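J.: Listed in order, the protein sequences are those of chains A and B. Just so we're aligned: 276 in numbering that gives the first Met the number 0 is position 277 of the first sequence, and the numbers increase by one with no gaps anywhere. Just so we're aligned: 18 in numbering that gives the first Met the number 0 is position 19 of the second sequence, and the numbers increase by one with no gaps anywhere.
It is worth saying that the hints were derived from the structure and are not from the lab. Some hints could be false.
What the hints assert, rightly or not - Cβ-Cβ distance ranges computed for the label pairs, FRET-style:
id, chain 1, residue 1, chain 2, residue 2, range
1, B, 143, A, 106, 56 to 64 Å
2, A, 68, B, 101, 25 to 33 Å
3, B, 147, A, 297, 56 to 64 Å
4, B, 22, A, 304, 49 to 57 Å
5, B, 65, A, 301, 50 to 58 Å
6, A, 117, B, 80, 50 to 58 Å
7, A, 173, B, 85, 26 to 34 Å
8, B, 33, A, 297, 27 to 35 Å
Said to hold, decoys possible - Pulled a few chain A residues facing chain B out of the computed Cβ check, cut under 10 Å:
id, residue
9, 7
10, 11
11, 72
12, 213
13, 243
Since the structure is predicted, the reported quantities are computational estimates derived from the model, not experimental observations. Every residue gets a Cβ at the ideal spot worked out from N, C-alpha and C, and that includes glycine.
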Amino acid sequence: MKHLLAAHDLSLDEAILILDTASQMAATQSREIKKLPTLRGRTVVNLFFEDSTRTRISFETAAKRLSADVINFSAKGSSVSKGESLKDTALTLHAMGADAVVVRHWASGAPYQLAHAGWLDAAVLNAGDGTHAHPTQALLDAFTIRRHLVGRRGGRRGGRHGGAGGDGVGADLKGLRIAIVGDVLHSRVARSNVRLLHTLGAEVTLVAPPTLLPIGIEAWPCATSYDLDETLARWHPDAVMMLRVQRERMSGGAGAFFPSPLEYARRYGLDQRRLALLPEHAIVLHPGPMNRGLEISAAAADSPRSVIVEQVANGVAVRMAALYLLLAGGSSAEGTL
Amino acid sequence: MSFGTPSVTTVLGAEDIQRAVTRIAHEVVERSKGAADLVLLGIPTRGVPLAQRLAERLAAIDPAFDPATAVGELDVTMYRDDLHRNPTRALGVTHLPAAGIDGKIVVLVDDVLYSGRTIRAALDAISGLGRPRAVRLACLVDRGHRELPIRPDFVGKNLPTSTSERVQVRLTEVDGGADSVSIRGRADDAGRDGAEQ
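Can you build the whole structure from these sequences, using the hints too?
T.: Okay, here's the thing in structure tokens:
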């Protein structure tokens with residue numbers, strides 16, 4: 000594998016390899032000296048055509064912890080605002096000798112185009128494209144779920160060899176139930192998570208108002224529900240992932256998809272009462288940034304079950320793993336991941 | 000000798016390896032004047048069980064030495080200088096004793112010492128983890144052909160080889176079966192079977 004473009008490109012073995020590599024990377028991040036010399040002399044370009052805080056900072060941190068040189072490029076304040084095409088931007092990056100391009104784009108498929116149009120020979124990592132895919136987010140969610148729910152189930156430390164803290168190294172997510180709640184329609188995070196969690200053997204139920212479920216969802220490898228209370232009380236999910244209501248993508252304002260923010264919060268928001276319906280071991284995830292009071296209440300976001308802050312830390316480890324696996328090997332490494 | 004098939008010469012058997020590890024344990028204690036402050040770090044894959052075995056011998060020699068708190072694993076993959084030249088390697092586990100390595104005497108344990116590049120990577124990895132009082136190197140086999148100014152402190156067996164040969168170490172814990180050290184692809188293996196140290 001030369002690129003990381005979508006979660007559904009990953010086979011089970013590849014996904015587990017990335018998660019296992021990430022747990023070794025996470026172990027290095029608890030050291031006093033966090034920097035590793037692994038990607039010294041490699042150049043990683045962060046190419047962001049859409050606003051992002053945590054994904055960009057996370058990729059930047061990951062690349063720097065591996066000693067790569069990082070160049071940040073955002074569409075605002077660059078030649079893109081003068082009308083430069085994606086192709087010309089890519090050719091510029093090629094001429095500058097980028098080894099990897101981390102791209103976020105508002106258009107679904109832009110990373111695929113960048114990887115396959117022949118403009119660049121760098122590895123392309125998709126950091127979110129339109130409403131298509133966000134593979135590193137899905138990987139960090141799976142990593143967080145595995146660490147909490149599989150690592151503990153399988154005993155704290157797998158003997159002496161659980162050096163990375165017994166976070167379920169080598170395991171998949173078979174048998175776990177994960178509810179993904181909220182704005183599925185606009186969410187690339189939900190799409191990537193459904194595919195990756197399915198690959199890893201978990202069961203997924205999407206919970207959303209009918210207006211926020213995309214057409215054709217019957218073909219996705221998951222169940223759907225319109226009723227959050229019933230899903231929490233009857234299906235007993237091991238993890239609940241709340242999605243952000245993406246108001247910037249709702250052209251007609253929030254009113255086009257649901258009557259009012261308050262009604263949405265009442266029916267689909269995670270609050271103290273719904274938190275109490277969950278099994279004792281269940282965890283709460285959110286890809287961020289959170290709309291506190293809309294899809295998640297402050298009490299739920301700050302509860303001990305919430306692993307939202309840990310997701311950010313795990314994001315660095317997962318992105319280090321992806322950069323390592325795509326960049327560290329020689330050119331003969333293609334196809335081996 | 001047969002034509003066409005690569006020859007395999009067994010150089011050390013299970014008992015030879017056992018004796019070599021016991022001797023190294025005595026040398027480690029002698030050199031450090033006791034087993035206090037010792038930390039053994041095995042380099043995956045086969046350095047890890049070797050470090051474990053060495054720790055058991057050390058505990059037999061000096062009861063104050065506790066294998067549970069003084070043995071770790073050190074994965075050096077991310078510090079290698081040949082990552083670009085090879086397909087991507089899977090990462091191993093790094094696991095240090097809880098007390099860390101600051102101020103300790105670290106003994107690196109590996110199976111075969113060859114170019115010295117793995118040990119160079121290990122020294123870099125150690126400097127990122129702490130500041131030991133001293134770092135020493137124990138290996139089961141030293142086959143020569145160093146490419147860096149690195150030498151071992153404790154050697155199980157010096158094995159003169161040519162670069163075209165391959166030294167294969169098999170340990171029960173990793174490979175199953177009996178322990179052995181063998182050389183493959185040796186051009187002339189007549190009369191070398193059962194060689195003694």
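J.: Now, for every hint given, state plainly whether the structure supports it.
T.: Going through the hints against the structure:
In this structure the supplied range 56 to 64 Å holds for residue 143 (chain B) paired with residue 106 (chain A), their Cβ-Cβ distance being about 58 Å. Checking the proposed 25 to 33 Å range against residue 68 (chain A) and residue 101 (chain B) shows it holds: the Cβ atoms sit about 31 Å from each other. A hinted range of 56 to 64 Å for the beta carbons of residue 147 (chain B) and residue 297 (chain A) is consistent with their spacing of about 57 Å. Distance hint check: the CB atoms of residue 22 (chain B) and residue 304 (chain A) are about 55 Å apart, consistent with the given range 49 to 57 Å.
The beta-carbon spacing between residue 65 (chain B) and residue 301 (chain A), approximately 42 Å, falls outside the hinted interval of 50 to 58 Å. Remark: the range hint 50 to 58 Å for residue 117 (chain A) to residue 80 (chain B) is contradicted by a beta-carbon distance near 32 Å. At about 33 Å, the CB distance of residue 173 (chain A) to residue 85 (chain B) agrees with the hint of 26 to 34 Å. Residue 33 (chain B) and residue 297 (chain A) have their C-beta atoms about 58 Å apart, which leaves the hinted 27 to 35 Å range violated.
At about 22 Å, the closest approach between the beta carbon of residue 7 (chain A) and any beta carbon in chain B exceeds 10 Å, and the interface hint on this residue is violated. Given the 10 Å rule on beta carbons, the hint for residue 11 (chain A) is violated: about 16 Å separates it from the nearest Cβ of chain B. Restraint check, residue 72 (chain A) versus chain B: the minimum CB separation of about 25 Å is more than 10 Å; hint violated. Hint on residue 213 (chain A) is violated. Least Cβ distance to chain B is approximately 36 Å, over the 10 Å limit.
Proximity of residue 243 (chain A) to chain B is violated relative to the hint, the smallest CB-CB distance being about 33 Å (cut-off 10 Å).
In this structure, the earlier hints numbered 5, 6, 8, 9, 10, 11, 12 and 13 are contradicted, and the remaining ones agree with it.
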